[in-house]
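I would like the entire structure built from these sequences, with the hints used as guidance.
Number of protein chains: 2
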Amino acid sequence: MSEEKKGTEVSRRQILTGAGVIAAGTAASAIVGTSFVKSAEASAKYPWPYKKLNINQVGEIAYKNYFTDFCAMTVLKGLFTPLRKSVGGPYKDYPLAAVKSFHGGVAGWGTVCGTLLGAGTAIGLIAGPEHTEAMTNDMMFYYGNTTMPMYTPKKAIKVDIKHHTKADTPVCHVSVGKWMKAADVIFLSPDRAERCARVAADIAMQTARLLNDLHDGKYKPSHKPLANVLGNGITSQNNCDACHGNNIPDVPGGKK
Amino acid sequence: MSEEKKGTEVSRRQILTGAGVIAAGTAASAIVGTSFVKSAEASAKYPWPYKKLNINQVGEIAYKNYFTDFCAMTVLKGLFTPLRKSVGGPYKDYPLAAVKSFHGGVAGWGTVCGTLLGAGTAIGLIAGPEHTEAMTNDMMFYYGNTTMPMYTPKKAIKVDIKHHTKADTPVCHVSVGKWMKAADVIFLSPDRAERCARVAADIAMQTARLLNDLHDGKYKPSHKPLANVLGNGITSQNNCDACHGNNIPDVPGGKK
Chain A
1 MSEEKKGTEV SRRQILTGAG VIAAGTAASA IVGTSFVKSA EASAKYPWPY KKLNINQVGE
61 IAYKNYFTDF CAMTVLKGLF TPLRKSVGGP YKDYPLAAVK SFHGGVAGWG TVCGTLLGAG
121 TAIGLIAGPE HTEAMTNDMM FYYGNTTMPM YTPKKAIKVD IKHHTKADTP VCHVSVGKWM
181 KAADVIFLSP DRAERCARVA ADIAMQTARL LNDLHDGKYK PSHKPLANVL GNGITSQNNC
241 DACHGNNIPD VPGGKK
Chain B
1 MSEEKKGTEV SRRQILTGAG VIAAGTAASA IVGTSFVKSA EASAKYPWPY KKLNINQVGE
61 IAYKNYFTDF CAMTVLKGLF TPLRKSVGGP YKDYPLAAVK SFHGGVAGWG TVCGTLLGAG
121 TAIGLIAGPE HTEAMTNDMM FYYGNTTMPM YTPKKAIKVD IKHHTKADTP VCHVSVGKWM
181 KAADVIFLSP DRAERCARVA ADIAMQTARL LNDLHDGKYK PSHKPLANVL GNGITSQNNC
241 DACHGNNIPD VPGGKK
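Residue numbers (our numbering), protein chains in the order written: chain A, 1 to 256; chain B, 1 to 256.
The hints are simulated quantities; they were obtained by calculation from the structure and are not laboratory data.
Computed cross-link-like contacts, PhoX-like style, restricted to lysine-lysine with a CA-CA straight-line distance of at most 20 Å:
id, chain 1, residue 1, chain 2, residue 2
1, B, Lys-45, A, Lys-85
2, B, Lys-85, A, Lys-45
3, A, Lys-45, B, Lys-92
4, B, Lys-52, B, Lys-92
5, B, Lys-166, B, Lys-181
6, B, Lys-64, B, Lys-158
7, B, Lys-45, A, Lys-45
8, A, Lys-92, B, Lys-92
9, A, Lys-52, A, Lys-85
10, A, Lys-92, B, Lys-45
11, B, Lys-45, B, Lys-92
Written as structure tokens, this is what we have:
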């Protein structure tokens, strides 16, 4: 990258070599620190009040509702259904179906897994301006770094699941594609639906764990917010060569 | 792809050749039709009441607040600030900062552009179960197919913008990367921030246009929901070879 790039507040080379750490840190603070708090809406109802969740109950609700609600909505339902009873208030009025179209990486476009948008919506409303960015970031790492599905229902709604994969990304298309390849099934199969239902339970449960920790004053970010942006010089995953290079499999059937 | 794949309700080959159109259509209906309505939350407040928006006002608010709120929150602010005055009610209580961490493709991970998540949150709350999926899908197409930024402020907050690019994707990393390459600037530059602020205005304005059309009974989907899923046999974009193949540029500087 040219050193002569115009408009350079902190050059990518400076970030990569560490020379711009202080300036980059300032930029990060502008996003997650002072600026975030400053621009947060002043509202007596924000962040929303919270009572600790039963992790297993959250998982069960998220799992069983996946088949009608899909990934984003069912995660939010897993988290909010108990809160509607224990807290009431704003949870009662929030229409869970509002996030339904975030399914399948937003309306089936395969971008970020919808479970993370259901989780992110809950975190955004509950965790408040000081913790939302870090907790959402932790969930993005968790999704990619965790072999899923882990959740095992007492009785499978569709079929049993024998394959478990690590996505190495929060991207729906890649996460689902890797699992479909391992299980040798197509997208419109009961197997894939069952897998996504269980992943939804996993993500809802982990979100509940972090929110419970925050409620107990025990939440500490597992990862540094914006590490990918500062490390790679652009909004990005943390594994560039997953897409750049020759690691992307051919399209099945050669379709372009 | 093997024809012997287990759990096959509709095989990918059937979908691609058209033999599974009826079955696939049924699957699509389960997502966007009856099932959606059935699973929607029964609430007097859903969908939220709406009054037509002034498109230019929406764009101006989204643009000028980007620099503190970032992409997702500023789009939602552009849409909701006028509705707080004209409608009040639920808009007044919704904490806009709840979606702030969706910036930069969700906490800077470069997945779906945060503007589309701000837009999707508003659409989800306003368009109701019959139209949310289609309108969100239309916005995903619009984002990738539109040369942006189009919005031109009376006076630039950071710098003037001379480059305009078509992303061919709703993905933040690719959209921003293509523009950065065209403009020859780095991510942490005033130029890139100015570009994203104007894109936020563009997306907020288009969302307002579609919501205004819906309010007038004139909204018709421009694209068929789930066309990508049914066409490609997986949640996906509509241009497979943008990622599969040799079209991905090398990482600048060779970083892996």
